[in-house]
Amino acid sequence: MSRQRSLTVAFVAALVAVAIGIVLSYVIKWFPVQASTQAKNTDAFYHVLVICSIPIFVLVVTVILYSVWQFRMRPGQELMDGPPIHGNTRLEVFWTAIPSVLLLSLVGYSFVVLHKNEQKPAKEIEVAVYGQQFAWSYEYPPSITHGAPLKSTQLYVPEGESVRFDIHSRDVIHAFWIPAFRIQEDAVPGITTHWRATPDRIGDYPVVCNLLCGLGHSLMRSQIHVVSEERFHAWIASQTSSAGSSAGGALTSTAGSQ
Amino acid sequence: MAARLKAPGFYRAGIFMVLGLALATFLTWIVRMSTGHGTFHHYIDGEAILTVSLLSVPLGFLFGFGGFDYWFYWAAGKPTRPEDHSGHGAYSWKDYFRINTDHKVIGIQYTVNSFIFLLIGGLIAMLMRAQLASPGSHFVDANTYNGLFSVHASLLIFLFIIPVFAGLGNFVIPLMIGAPDMAFPRLNALSFWLLPVAGIMMLASFLAPGGAFADGWTAYAPLSDSAPVGQTFFSIAVQFAGASSIMTALNFLVTIITMRAPGMSFFRMPLLVWANFATSLLVVIATPFIAASQFFVLLDRGLHFNFFNAGKGGDVLMYQHVFWFYSHPAVYIMMLPGFGIISEVIAVKSRKPIFGYRMMAFSLLAIVGLGFTVWAHHMFTSGMANWIRIPMAITTAIIAVPTGIKIFSWLATLWRGVLHLDTSMLFALGFLTTFTLGGISGVMLAMIPFDIHVSATYFVVAHIHYVLFGGSLMTIFAGVYYWFPKMTGRMYDERLGKWHFWTTFVFFNLTFAPMHILGLEGMPRRVSTYASEFSGLNLFISLASFALGASTLVFIYNIVTSWRGGPVAASNPWRGMTLEWQVSSPPPVFNFDRVPTVVGGPYEYGVPGAVHGIFAPAPAPATAGGALRAPSP
Chain A
1 MSRQRSLTVA FVAALVAVAI GIVLSYVIKW FPVQASTQAK NTDAFYHVLV ICSIPIFVLV
61 VTVILYSVWQ FRMRPGQELM DGPPIHGNTR LEVFWTAIPS VLLLSLVGYS FVVLHKNEQK
121 PAKEIEVAVY GQQFAWSYEY PPSITHGAPL KSTQLYVPEG ESVRFDIHSR DVIHAFWIPA
181 FRIQEDAVPG ITTHWRATPD RIGDYPVVCN LLCGLGHSLM RSQIHVVSEE RFHAWIASQT
241 SSAGSSAGGA LTSTAGSQ
Chain B
259 MAARLKAPGF YRAGIFMVLG LALATFLTWI VRMSTGHGTF HHYIDGEAIL TVSLLSVPLG
319 FLFGFGGFDY WFYWAAGKPT RPEDHSGHGA YSWKDYFRIN TDHKVIGIQY TVNSFIFLLI
379 GGLIAMLMRA QLASPGSHFV DANTYNGLFS VHASLLIFLF IIPVFAGLGN FVIPLMIGAP
439 DMAFPRLNAL SFWLLPVAGI MMLASFLAPG GAFADGWTAY APLSDSAPVG QTFFSIAVQF
499 AGASSIMTAL NFLVTIITMR APGMSFFRMP LLVWANFATS LLVVIATPFI AASQFFVLLD
559 RGLHFNFFNA GKGGDVLMYQ HVFWFYSHPA VYIMMLPGFG IISEVIAVKS RKPIFGYRMM
619 AFSLLAIVGL GFTVWAHHMF TSGMANWIRI PMAITTAIIA VPTGIKIFSW LATLWRGVLH
679 LDTSMLFALG FLTTFTLGGI SGVMLAMIPF DIHVSATYFV VAHIHYVLFG GSLMTIFAGV
739 YYWFPKMTGR MYDERLGKWH FWTTFVFFNL TFAPMHILGL EGMPRRVSTY ASEFSGLNLF
799 ISLASFALGA STLVFIYNIV TSWRGGPVAA SNPWRGMTLE WQVSSPPPVF NFDRVPTVVG
859 GPYEYGVPGA VHGIFAPAPA PATAGGALRA PSP
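Going down the list, the sequences are from chains A and B. Under the working numbering, the residues of the first sequence are numbered 1 to 258, in order. Under the working numbering, the residues of the second sequence are numbered 259 to 891, in order.
Worth flagging that the hints you see were computed from the coordinates, not collected in a lab. Treat the hints with care, as some may be off.
What the hints assert, rightly or not - Derived list of chain B stretches under chain A, where covered just means 3 residues or more per stretch with a C-beta under 8 Å from a C-beta of chain A:
no., segment
1, 655-661
2, 666-679
To be verified - A few chain A residues that don't get close to chain B, going by computed Cβ distances all over 10 Å:
no., residue
3, Val16
4, Ile20
5, Pro83
6, Leu106
7, Val113
8, Glu124
9, Thr145
10, Leu150
11, Arg164
12, Asp171
13, Thr198
14, Arg221
15, Phe232
16, Ala234
What the hints assert, rightly or not - Each computed DSBU-like pair below joins lysine-lysine, with the alpha-carbon atoms no more than 35 Å apart:
no., chain 1, residue 1, chain 2, residue 2
17, A, Lys123, A, Lys40
18, B, Lys570, A, Lys151
19, B, Lys570, A, Lys120
20, A, Lys29, A, Lys116
Just so you know, these numbers come straight off a predicted model, no measurement behind them. C-beta: ideal position from N, C-alpha, C; glycine also.
With these hints in hand, go ahead and build the complete structure from the sequences.
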C-alpha cells in the first residue's frame, strides 16, 4: 500500500472513531438524574469537554497505531535507522499554540458556567447545614419558619426556589454533596462555607458526605426531599407545631433518613 | 563477637535500637517529671514513649548500621578510614545488606526495595477490592479498610514511585553523564537506608493500638489530630522518606551540575538526565512542605500546639495549603523521571533522534515552574476563598501545554522510524495512550463547575490511577525492561515480557476505566461500603483488579528467573548511543576505565557516522600531540 493510501485509511478510521466516540458520549448515561438548574448547566458543560477530548485522544491513538502498522521493523531492517529528523519549528509552534488556545477557551467557558451556577438570584431561602460524625442536621431560620428557628435531621426544600446552604462542622471536615445537584462544598470547623442550588425536580435524592471523616464516613448518607412549595410550607408548619421533636416524617412515606 | 558488635552492621544496629528505646523512655520520663505530670504512673506513658521512640529507634538503627560512621570519625578528630573503595561493588548478596557507597549497588537496592513495596501495596489493593466487591461486605471492618487505603497510597507514593525513579536514576545517571559515581556516595547510601525504615514504620502501624493510620495519605487535619496513635507512624515515616528524597535530589543536582564528562554540555545530556534534574529541583523546593505539614500534626497530637484546632484559633485550611504545596508538585516528581525514561526508550527503539530535543528539555523546566502555581486546584470545594479558584484553574489548564508538547514530540519521534516493538517499547506506547487519558481527565478536573461535582469521588480515583499507574508505573516497567540487561548483565524473556505488557494493559483499563463512571454517578472515594446501585460496576472492577494483580506474577517470574539464569547480555543490546551502553553489562566498578569525551548529541540515530561519546583521548592539538600519544608498538 502506498503511503498516500495508508494515510487515507488512517484518516478515515480516525474520523469513524471520533464519530463513534461522539455517539457513545450521547448514549452513555454518565450522571444521576438532574434535579437542579445547576445540574443541567454542569452536565451540558461536561458534554462539551467530552466532545473536545475525543478527537485529541483519537489523534494520539491513531498516530501510535499507524506508526506500529507502517513503521514497525520488518525482517531485514534490524540494523537500519530512521531518517535523522531533529524537529520542525513550525509544527512545534503549532502544537504549542493550538492546545493553549483550546485550553484557555475551555477554562474561560468553565468560568461562564461557574458564574451562572453561583449567581445570586433575586430571592432565595437559606438553610444552615451542620456536619458531625456521622450525620447531617439542618436549621431553618425564622425567615422561613416565621417563628423560632427550626432544627431538624431532615432536609426539605421547595422546588423552583434557590436555596443557599450555609455549611458548618461540629468536629472534623465533612463535605456536603448532593450528586443530583452536582454541587458539594466542605464543612470546615471554624468557618462557614456556602453553596446554592435551584432544585427543579420533585423527588428524594441522596445527600452524601464526600470527605473522609472517620469510622462512619461510608454510612454518612441521607436524603434531600425536593417537594412542592405548598408541601414545603406544610412540612415546616407541621414541624414547628410539634416543636421539631419527633423526626416528623409523617408527611411523606419516603422520609426514611439514612 | 565483640568485634562484630563494634563493626557497622545489623548486630550493632540492634544494640543502638535498644539504646534508642531507652533514650525515648528516659526523655519522656524526664520531661513529664519536670513539667509536673502528677504521679509516677504518669511519668511513664506508653503513647509518649512510642512517639519519641519512632524517631529515636530508627535513628539508632542508622547509627548502628554505620550510616553516619565516616562523619562521626571525622567530627571526633579520629582518623577516617582511608577511601580504599572497599564500599564499592557487590560480590555477594550480602553486600546489598550493608552500607554500600557504589551508586550501581545503591540503584539496585533502591529498585528492589521499591518493588517489594509495590507488591505489598498491590496486595493491600487486592484486599480493598475484596471488601468492595459487594456493598455492605464484612471482609474487613471500616477502621481496617480506612487503614488499608491509607497505607496503600502512602506505600506506593513514598516507598514505590518516588524511590524507584531515584533508584533507576541512581544506577543510570552517573553512567549517562560519564561520571565514576554520584557526587556524595556516603549521603547516597544513607538516603537509601532511610527508605526501609519509613516503609516498615508505615506497615508496622497496623500493629499500633487503634490500628493503622486511617485518614488517607492526605491525612487531613483535624481528623488526623485526634486519630489513634497509628497516625504518628505516618507523620514520622513521611519525615524519613522525605529526608531520603531531599538527600537524593541534592545528590542528583550536584552530580549533574558538576560531574558531567568533558564535552557534555547541558544540551548534550540525555533527556533522562534532564528529567531527573528537573525532578530534583521540585524535590528540594517542595518536600520540606510536607515535612512541615506532618510536623504540625505531630506537634498538635503530642504537645497540643493547636495549629488546626479551630476552637483554639487554629486554621484548618492551612493544613491543606501546606500539604498540597508539596503534594501537587509531587505528582510531577512522580511523573517527570518517567518522561525521561520514555524519551530514552522511544528514541532508541524508533531509531530516530528525539523530535524537538530542546523543547523537550524546556517543557520539563516549564512544568517545574508551573507545578508550583496550581496546588489549590485540589481545594476547589475546600471552602477557601472563591477567587483563588480562578488563577489556579488557569494555571492548571496551562500546565497541560508543556505535557502536550512532550506527547506530540514522542509521536513525531515514532513517525517514519524503524520501530522495535519489544517489551519496553510496548510499555512506552501503552503509556502514551493511558497517560493521555489521565491527562484529559486532569484537564476536565481543572474545570471548576465540573470539579465541584466530582471532587473526591471515584472519578478522581480513576484519574490518579490513570496518571500514576497508567503513567508512572508503565514508564517504570519500560525502564526496568530497558535497563535490565545493563543492571544485571542478563537478558529477560521477551515473550513473557510481552505477556506481562498485554495483561497489564488490558486489565489496567478494565479496572480503572469504569471508576470514572462510578464517580460521575455519585460514589465517593474512601468508603468501605456504598449504595447498592453501584454494586454491578464494583464487582466488575474487583474481578478485573484481581486479574491485574495476577499479571504482576508474570513480571516477577520473568525478572527472577532471568536474573538468576537468563542469557548473558551484550554491552549494548539495543544499540543505544548514550554512554551507559558503551561499557560492559554490568558496568565495571568505577564505570569507565577511560574518561569518555562527549562529542555530539545523545540521540543522533540515522546520522551517518554520528557518535555521542568517545573513549580514546580527544585528538590532541598538534603542538602537544607527540607527548600525549601512546608509544607506538
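Going down the list of hints, with the structure as the test:
{"no.": "1", "hint": "655-661", "result": "holds (count 4)"}
{"no.": "2", "hint": "666-679", "result": "holds (count 12)"}
{"no.": "3", "hint": "Val16", "result": "holds, 18 Å"}
{"no.": "4", "hint": "Ile20", "result": "holds, 16 Å"}
{"no.": "5", "hint": "Pro83", "result": "violated, 6 Å"}
{"no.": "6", "hint": "Leu106", "result": "violated, 7 Å"}
{"no.": "7", "hint": "Val113", "result": "violated, 5 Å"}
{"no.": "8", "hint": "Glu124", "result": "holds, 17 Å"}
{"no.": "9", "hint": "Thr145", "result": "holds, 27 Å"}
{"no.": "10", "hint": "Leu150", "result": "holds, 25 Å"}
{"no.": "11", "hint": "Arg164", "result": "holds, 14 Å"}
{"no.": "12", "hint": "Asp171", "result": "violated, 8 Å"}
{"no.": "13", "hint": "Thr198", "result": "holds, 15 Å"}
{"no.": "14", "hint": "Arg221", "result": "violated, 7 Å"}
{"no.": "15", "hint": "Phe232", "result": "holds, 24 Å"}
{"no.": "16", "hint": "Ala234", "result": "holds, 29 Å"}
{"no.": "17", "hint": "A:Lys123 to A:Lys40", "result": "holds, 20 Å"}
{"no.": "18", "hint": "B:Lys570 to A:Lys151", "result": "holds, 27 Å"}
{"no.": "19", "hint": "B:Lys570 to A:Lys120", "result": "holds, 33 Å"}
{"no.": "20", "hint": "A:Lys29 to A:Lys116", "result": "holds, 24 Å"}
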